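The primary structure of each chain is shown beneath.
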Amino acid sequence: MKQMKQVLIVLVVSLFCIEMQAQRLLSKEGKVRFFSSAPLEDIEATNDAVAAIIDLSSGKVQVSMFIKNFEFKKALMQEHFNENYMESEKFPKSTFTGTIDNFSSYDFTKEGTYEVTITGKLTIHGVETENTLPVSIQVNKKVLTAKSVFIVKTADYKIEIPALVRDNIAKEVEVTVEVPFTMK
Amino acid sequence: MRKYYVLLIVLFNHNISQGQDIDDLMNEIAGKDLYETTATFKSTHVVTGHSVELMKKGQLDFRIAHRFGQLNSGYYNLWGLDEAHIHFGFDLGVMDWLMVGIGRGTYEKTYDGLLKFKLTKQREGENSFPISISILNTMSANTLHLYKPGKEYLTDRLSYAHQVLVARKFNDRFSFQLAPSYVHKNIVPTELDPNDTFSVGLGGRFKLSKRVSVNMEYYYVVPPVNDFRSLETYNPLSIGFDIETGGHVFQVFLSNSVAMIEKGFITETTGNWLDGGVHIGFNVSRVFSLY
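Residue numbers (the numbering used here), protein chains in the order written: chain A, 179 to 362; chain B, -12 to 278.
Hints listed in this document are in silico derivations from the structure and should not be mistaken for laboratory results.
Given the structure is predicted, the values throughout are model-derived calculations rather than measurements.
There could be a bad hint or two in this list.
Unchecked claim - To give a feel for the contact side, a few chain A residues facing chain B, derived at Cβ under 7 angstroms: (1) 203; (2) 206; (3) 209; (4) 253; (5) 254; (6) 261; (7) 262; (8) 292; (9) 312; (10) 316; (11) 342; (12) 344.
What the hints assert, rightly or not - For each label pair, taking beta carbons as the anchor points, the in silico distance ranges come out as: (13) B/85 - A/281: 26 to 36 angstroms; (14) A/213 - B/175: 56 to 66 angstroms; (15) A/282 - B/116: 51 to 61 angstroms.
Stated by the list, open to error - Calculated Cβ distances over 12 angstroms to all of chain A for the following chain B residues: (16) 179; (17) 191; (18) 224.
Using N, Cα and C, we set each Cβ at its ideal position, and we do this for glycine too.
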């Protein structure tokens, strides 16, 4: 009898784990674009190899990207971005880890668009900050798409802008994130 | 019995171990160029000579190099500032691995052209490789009025310089370059002057801050077999600063050579550092994005 009970527990735990597994959505096709406008120059770059995981059983979200994968129109700008501002050899990745606020009040199995906020830790240039980001989650039959637009202040992440190029580089950068997750 | 439970758990839950985490995804994203070393040198030149760097595809570098007169020419000549030699050049990155350039210099009224190829790049990670290698081929034509008896051919005015540029970025601050070089002149002033000159260039840069570096360049010129040349020459040595400001790189330095192309500064440097035969130099490089 005791053995039966144990087997049962193992089976239940196993099923539960398989269930959890099914509710994790993964993507490698996320896009992150940033844009800033300064008196002399607009700066724009896109990274279309962004990894992300969303767990639909707990509301946990993870996003991660390589700084070197940001592509600029001007190769020199890209070099300076990596060398002088982001120091991408020292800090190769930028990440976000967070949880959807009031997760239990949403049902992402139904099609529709959900405006949510995600609170978590955003790490850029090795500096971690606590942020709440507005995210719109769109669910249709095959794809769950998460989109977010937010402002990043370079000073918050210890990204130095020397006086010499102050007119070329904005202090606030608009970041747009879009991640499509294919549903299983 | 407990063993079987473990086995059961493993069997049922092998999915869990297969479940990828964010780092697995990141490893799949990481391409090979992610680990390529960038910016071994700030520009395509160390000081006067070339560095291992090429312009990227579609980028045009407009470079104006200035060399003033000799410091030891004294107050009368404002320590050389009364006199200036220039060289300007356009270097275009045709492909990421090919740079083509043309230029013109005051020294011997010379036109020059260059081809620079990137052979391999220093890489970290799986297929790591410790050094970057580029090849430089240049040709130059002196267009001075020569008063030479007899018929003159264009080929008489041509010189060639070839270099293998081998560099390593040791860390964020320090990069070092070795450049075995070969210079050939079709015609030399006298029979005693060598047509072929071999040399080895040493170049280094040390970053003082994110935008300022100290650069040094020295060419050891293998002495020719006979030393009765028409010109007394010295090995070129240049020391200076690179100051980067967004799209411009400024270089301010001291050098004992006047010529700003390989054929000139490797084989025809007449200034002697030891008695103040050095020149203040000033280069500006501006990069444009063409395509």
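Verification of the hints:
Residue-level restraint check for residue 203 of chain A is violated (minimum Cβ-Cβ distance to chain B is 11 angstroms; threshold 7 angstroms). Hint status for residue 206 of chain A relative to chain B: holds, with the closest Cβ pair at about 5 angstroms, below 7 angstroms. At a threshold of 7 angstroms, the smallest CB-CB gap from residue 209 of chain A to chain B is about 13 angstroms, leaving the interface hint violated. For residue 253 of chain A, the interface hint holds, since its Cβ comes within 7 angstroms of a Cβ in chain B; the closest pair sits about 4 angstroms apart.
For the restraint placing residue 254 of chain A at the interface with chain B, the shortest Cβ-Cβ distance is roughly 5 angstroms, inside the 7 angstroms limit, so the hint holds. At about 5 angstroms, the closest approach between the beta carbon of residue 261 of chain A and any beta carbon in chain B falls short of 7 angstroms, and the interface hint on this residue holds. Checking residue 262 of chain A against chain B by beta carbon gives a least distance of about 5 angstroms; that is within 7 angstroms, so the hint holds. Residue-level restraint check for residue 292 of chain A is violated (minimum Cβ-Cβ distance to chain B is 23 angstroms; threshold 7 angstroms).
Hint status for residue 312 of chain A: violated, given a least beta-carbon distance of 22 angstroms to chain B, over 7 angstroms. Of the supplied interface hints, the one on residue 316 of chain A is violated, with its beta-carbon coming no nearer than about 21 angstroms to a beta-carbon of chain B, more than 7 angstroms. With its C-beta approaching chain B no nearer than about 5 angstroms, residue 342 of chain A sits inside the 7 angstroms limit, and its interface hint holds. For residue 344 of chain A, the shortest C-beta to C-beta distance to chain B is roughly 11 angstroms, which exceeds 7 angstroms, and the interface hint is violated.
Taking 26 to 36 angstroms as the suggested C-beta distance range, the pair residue 85 of chain B and residue 281 of chain A does not conform, at roughly 54 angstroms. With their beta carbons about 58 angstroms apart, residue 213 of chain A and residue 175 of chain B fall inside the hinted range of 56 to 66 angstroms. Taken as a hint, the range 51 to 61 angstroms holds for the pair residue 282 of chain A and residue 116 of chain B, whose Cβ atoms sit roughly 52 angstroms apart. Residue placement check: residue 179 of chain B keeps its beta carbon more than 12 angstroms from all beta carbons of chain A (closest about 47 angstroms).
No beta-carbon of chain A comes within 12 angstroms of the beta-carbon of residue 191 of chain B; the shortest separation is about 18 angstroms. With a closest Cβ-Cβ approach of about 28 angstroms to chain A, residue 224 of chain B is found to remain outside the 12 angstroms limit, as its non-interface label requires.
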